[in-house]
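Okay, here's what each chain looks like letter by letter:
Number of protein chains: 2
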Amino acid sequence: MVAWNNFDTLTSYKKLASLANSVNLKEVMSGENGANRVKKYSVPMAGGLSYNFAAKQVDDDVLVALAELAAEAQLTEKYEELYNGAVINTGEKRLVLHQLSRGQLGKDVIADGVNKREFYVAQQKRAAEFANRVHKGEVTNAKGEKFTTVVQIGIGGSDLGPRAMYIALESWAKATGNLKMTAKFISNVDPDDAAAVLDSIDVAHSLFVLVSKSGTTLETLTNESFVKDALVKQGLDPAKHMVAVTSETSPLAKNSGYLAAFFMDDYIGGRYSSTSAVGGVVLSLAFGPEVFARFLNGAAAQDETAKNKDIMKNPSMLDALIGVYERNFLGYTATAVLPYSQALSRFPAHLQQADMESNGKSVNRFGEPVNYVTGPVIFGEPGTNGQHSFYQLLHQGTNIIPLQFVGFKNSQFGKDVLIEGSTSQAKLCANVVAQIMAFACGKDDENRNKFFAGGRPSSIIIGEQLTPEALGALLAHFENKIMFQGFIWNLNSFDQEGVQLGKVLAKKVLAHNTDGALKAYAELLNI
Amino acid sequence: MVAWNNFDTLTSYKKLASLANSVNLKEVMSGENGANRVKKYSVPMAGGLSYNFAAKQVDDDVLVALAELAAEAQLTEKYEELYNGAVINTGEKRLVLHQLSRGQLGKDVIADGVNKREFYVAQQKRAAEFANRVHKGEVTNAKGEKFTTVVQIGIGGSDLGPRAMYIALESWAKATGNLKMTAKFISNVDPDDAAAVLDSIDVAHSLFVLVSKSGTTLETLTNESFVKDALVKQGLDPAKHMVAVTSETSPLAKNSGYLAAFFMDDYIGGRYSSTSAVGGVVLSLAFGPEVFARFLNGAAAQDETAKNKDIMKNPSMLDALIGVYERNFLGYTATAVLPYSQALSRFPAHLQQADMESNGKSVNRFGEPVNYVTGPVIFGEPGTNGQHSFYQLLHQGTNIIPLQFVGFKNSQFGKDVLIEGSTSQAKLCANVVAQIMAFACGKDDENRNKFFAGGRPSSIIIGEQLTPEALGALLAHFENKIMFQGFIWNLNSFDQEGVQLGKVLAKKVLAHNTDGALKAYAELLNI
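Protein chains in written order, with our numbering: chain F, 1 to 527; chain V, 1 to 527.
Any copy will do: because identical chains look the same in the list, a pair fits if it lies in one copy or spans two.
As a list, the in silico DSBU-like pairs of lysine-lysine whose alpha-carbon atoms are at most 30 Å apart:
no., residue 1, residue 2
1, K519, K313
2, K409, K184
3, K503, K443
4, K174, K240
5, K519, K39
6, K184, K146
7, K508, K415
8, K450, K507
9, K40, K307
Read the hints as simulated data drawn from the structure, not as lab findings.
Excised from the complex, chain F in its bound form:
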């Protein structure tokens, strides 16, 4: 049996505290020692990726202490419990099975009388068959014309992950002839969101995917009505243009208002649902089921690496441990995610949800307040864009912010130009490695305005190309990193009670059932 203890009760907590600031990054990254670290501090990932942490404020002593923490906190044992179907989501008394949507890591998981792996695979097959029929023109609009566009209607995890994944592979799909349908996304209850998307598409040739687990998400149902109005106004039958992704017990299941319904369940949280039907339907329609299967394979292979007890063979666990070391002992409050890949432009927004909604908590898994800081702020934009924006603060600001770089040797389109003797891709890659060193080692200058203190830690995930497999591995890496950090902090990373209060108060406002400041604010906004 695993033991769920608060982080500050562990022996390794004290040891790590004693090692805080024991590594001078500027020193260890200089000269040949630095070159050796770059070669040595690298861990292979799935999808052709590797995780390099040479520019983190760790050395072999810190790594030993982190390995001790991993063992003492029973990280891989807890992962094993999770994928074997324990009730890890204690608040909601649920299993946590998103890994099972892409592979089986352990025992058969039976829940609600069903083998859950078989359930997820069955839904993938149904989505694949449906997508193939749409692509072949067997499922069409009322006039018998092919659908050219797929529009996902969802919010939070039903939006951010699938949207980020679509954007990540759109150019790759174009370049490889795999773009079957263009995808768009409607999420915000702001009516201008749906109006703008509807204005940008050919509604008559669009298929809408309504995603809501409960079938009751207010934003999503509101946007569905918005879309149905638009269809009706064009003389189209909404039931011929809509599919649902929902739970089997929701009002959207077995509903003649939809061409088909694909199912998920309570064991996959929204922010972990890109590899379930939530991502699977829209991505299979956009890229074809084979591409979606490759994406799942990348995630499954990365999940396998997370089983390894050796931190030097378990990149997600190592990344988690270093992150906790930075957060709790070096005092850093935020992490910047900086992919040098335009295709990953919305990946930081997805991670922002995945990480901050999972570990932005003040109570442990038993509902008791913890005495240490937990999840950091996550933000980021693609490089090189960010270099011409907020990097000023990262380099010379008064707080240190750890950095998570991502870079690929090859572009997706493969189109490039040679300027001043180098391709754009080479310039992109040169910039990311230059940044790592600029942050780590800084630069002395008598003019303090041009002085760079250095000592600013970063890691980089390096890949050959952003393929479906690489994207799957990248996604699973961060999901597992977040999971391991939740284990260390002794949190329930899989509920989100913090989103409830706002919903309750918003309903009161709409019912005009308010007083005091809330009423005064509502009047200011004419509600």
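We have chain F already, so just place chain V on it with the hints.
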């Protein structure tokens, strides 16, 4: 003469420190007292906006101390020096004149032998005339066909601000018949960025706006070549499809490779350039010069409010003061920007640059290290989307993050649906006011997992609708807020030396002139 002193040398610094945590937000926002604060703690802005700070951790005592700080730090006097043409950018020995691109606040500013207001107005007129000729079909492609799309090629301030402004007004322009041309943006040196944009447009009917002050920005020139290659491959003459926005002394000025060149100068920094030709050319082409003029009017009117010595009549200065109080005395390290408006989806990314690049610094304007923290991390996404994402951490995480909400009574498109008795716009507005109160007052619950501590401060900018005037006012508000904070921290907010080192090292990598860790990293990325 104004005196430039470090923040911690001021009398009001000590007074404010003594007032830290003197306000219990949960208490003061409860009951009728809370309602009174909402009515009282509101300051009008330009563009029909107002700044409401009822849910900030301030009271009349703190406000008195903040007013003393404003006076002691001579904030409005420094602003006056700035708009009258003093060398405020000490590092680069430059004037700071972005306000002059939309109005004249003080004396004539003569620099380089030119009246600068006249110079900026002349460039606006030239851009307006050019845009009108394009719209009338007097400037066309080689076949005499109208241009339908405008593509801005630029990075950093030449991209983020103009892009955010375009997105902010695109739906409004569609709804009001003001969308003359669709705009796209190419920024990243990642070749997939340009390739994806080129793939999405009709190149033969596209006009490209190359934006580089020096005419030497590597990313921008590389992307220009990329675009020129694409034009040539389609048998098109690049010189018939390109205009430049640059300085009068750059190689792009008076160059037969461009249909026209529009000028900016060294006195408007990239991140402050949306109201100059950098934003003016693309926005005049997209929306017409009249809309751009309305945007400038909104900014100019907001600039006027920043002259007021009374903090209750100067929303930008008040916002700046409260932000400094939170950063230096309450210890908050980040600020979330949360517009409840899908149209402002990229406004947080623009503010991220404007704020973090301006005030993310550790030395004062004389190049001496400061002993206090300066600019915070800025991040954000539109609501209600964010509610289903990172708000969990904002509500229940272990660190408090101040929030900057923005909300409008009316949508841009005006299309809406009535669900459960309320429109989408009403739901959007109900959500933002509900969030303010949830953050401020929290909720007791015996189940600590459902407990909300409250005490989490926010402000909200409220407007009628996101019009060109409102957008201009919003932009100028934050520019002036950042300027005032820079004055308080005694920084030079108008240079960005922190971006230089990375550029230098990237060049070394591309020249294979590296050793140690930098060489090892470069090898990992096949450079």
